[in-house]
Amino acid sequence: GENVEQHPSTLSVQEGDSAVIKCTYSDSASNYFPWYKQELGKRPQLIIDIRSNVGEKKDQRIAVTLNKTAKHFSLHITETQPEDSAVYFCAASNNQGGKLIFGQGTELSVKP
Amino acid sequence: DTGVSQDPRHKITKRGQNVTFRCDPISEHNRLYWYRQTLGQGPEFLTYFQNEAQLEKSRLLSDRFSAERPKGSFSTLEIQRTEQGDSAMYLCASSLAGRETQYFGPGTRLLVL
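Chains G and D, in that order, give the protein sequences. Mind the numbering: the first sequence is residues 1 to 112 in the numbering used here, read in order. Mind the numbering: the second sequence is residues 1 to 113 in the numbering used here, read in order.
Because the hints were derived from the structure by calculation, they are not lab data. It is possible that some hints are incorrect.
[Stated by the list, open to error] Now the stretches of chain G that chain D is said to cover, found in silico as 3 or more residues with beta-carbon under 8 Å: (1) 36 to 47; (2) 98 to 111.
[Unchecked claim] With a Cα cut of at most 30 Å, we get these calculated BS3-like pairs of lysine-lysine: (3) K111/G - K58/G; (4) K11/D - K37/G; (5) K57/D - K14/D; (6) K58/G - K22/G; (7) K57/D - K42/G; (8) K14/D - K42/G; (9) K14/D - K71/G; (10) K57/D - K71/G; (11) K68/G - K71/D; (12) K22/G - K57/D; (13) K42/G - K11/D; (14) K22/G - K11/D; (15) K111/G - K42/G; (16) K111/G - K37/G.
Please read these numbers as outputs of a predicted model, since none were measured by experiment. C-beta: ideal position from N, C-alpha, C; glycine also.
Working from the sequences, and respecting the hints, build out all of it.
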C-alpha cells in the first residue's frame with residue numbers, strides 16, 4: 001500500500017548549521033511532494049513543495065531534492081535559526097484525488 | 001479571516017457519546033479533506049470531498065465515522081459511540097481541484113474519557 005518513511009525522528013543542530021531530513025515513498029504514481037512545518041499546538045504550514053518533473057527546488061534557506069528512480073526526497077535547511085525548531089512532515093500524493101500520505105515527522109531542535 | 005476554520009477547537013466527551021465537528025474551507029476551494037493526527041505521528045487521511053461528492057474514504061476508517069458536505073461549502077465529521085482510541089487531533093484541509101497545495105485548519109482536539 002501507500003507508505004512514506006521519514007528519518008530521522010529527532011534532529012538536534014547548532015544554530016547556523018545545516019539540517020537534512022529524508023523521506024522515501026512506496027507509490028510509484030506519486031508526483032507531488034510537499035513539506036509541512038508544525039509548531040506545537042498549531043496547524044501544519046506548507047514550507048516548500050516539489051513536483052515529479054523537477055529534481056530540485058530552492059526557496060531562500062530551504063531546498064528540496066527529489067530522486068524519482070530511488071523514490072526518495074529530502075529537505076535541506078541551511079543556516080538554521082532557533083525559530084526553525086518545530087516538527088517537519090514530508091508527504092506524497094498522486095493525481096488520483098490528491099490525498100496526502102504523510103511521514104512520521106522529524107522533531108528539529110536548533111540550539112542557540 | 002480567509003483561512004480554513006474549524007469548530008470547536010477542543011472537545012471533551014465521555015465514551016459512547018456522539019460528537020460532530022465542523023470545517024469551513026477557504027471560500028473558493030472545492031476540495032475538502034479530513035485527517036486525524038495522534039501525538040507524535042503525521043496526519044492520517046480519513047476522507048475527502050470534491051464539491052458535495054465524497055470521493056474517497058480510508059479503508060481504515062470505522063463505520064462509526066461519517067462526513068458530509070451537503071452544499072459543497074462547509075463539512076461536518078461525526079463520530080458515533082466514541083471510544084478512547086478516537087482521542088486525537090482532527091484536521092481539515094482544503095484545496096482547489098487541479099492544484100495540489102492543501103491548506104490546513106487549526107484542528108479540533110478530541111479527548112474521549
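Evaluated hints:
1. Coverage of a stretch by a chain is defined here by at least three residues with a beta carbon nearer than 8 Å to that chain's beta carbons; for the segment 36 to 47 of chain G and chain D the count is 6, and the condition holds.
2. Only when three residues or more bring their CB closer than 8 Å to a CB of chain D does the claim for the segment 98 to 111 of chain G stand; here the count is 8, and the claim holds.
3. For the suggested pair K111/G and K58/G, the alpha carbons sit about 24 Å apart, so the restraint of at most 30 Å is met.
4. Distance hint between K11/D and K37/G is fulfilled; the C-alpha atoms sit about 24 Å from each other, no more than 30 Å.
5. Between K57/D and K14/D the CA atoms are separated by roughly 26 Å; this keeps the pair inside 30 Å, and the hint holds.
6. The hinted pair formed by K58/G and K22/G meets the criterion: a straight-line CA distance of about 16 Å does not exceed 30 Å.
7. With a C-alpha separation of about 25 Å, the suggested pair K57/D and K42/G falls inside the 30 Å cut-off, and the hint holds.
8. In summary, the hint linking K14/D to K42/G is supported, as the alpha carbons are separated by about 25 Å, within the 30 Å threshold.
9. For the hint linking K14/D to K71/G, the alpha-carbon distance of about 44 Å lies beyond 30 Å, and the restraint is violated.
10. With a CA separation close to 26 Å, the supplied pair K57/D and K71/G stays within the 30 Å bound.
11. For a cut-off of 30 Å, the pair hint linking K68/G to K71/D is broken: about 39 Å separates their Cα positions.
12. Of the supplied pair hints, the one linking K22/G and K57/D holds, its CA atoms being roughly 28 Å apart against a limit of 30 Å.
13. In summary, the hint linking K42/G to K11/D is supported, as the alpha carbons are separated by about 16 Å, within the 30 Å threshold.
14. Between K22/G and K11/D the CA atoms are separated by roughly 35 Å; this puts the pair beyond 30 Å, and the hint is violated.
15. A hinted pair counts as satisfied when its Cα atoms are at most 30 Å apart, and K111/G with K42/G qualifies at roughly 21 Å.
16. Taking the CA atoms of K111/G and K37/G, the gap is about 18 Å. The hint holds against a cut of 30 Å.
Violated hints, in rising order: 9, 11 and 14; the structure is consistent with all others.
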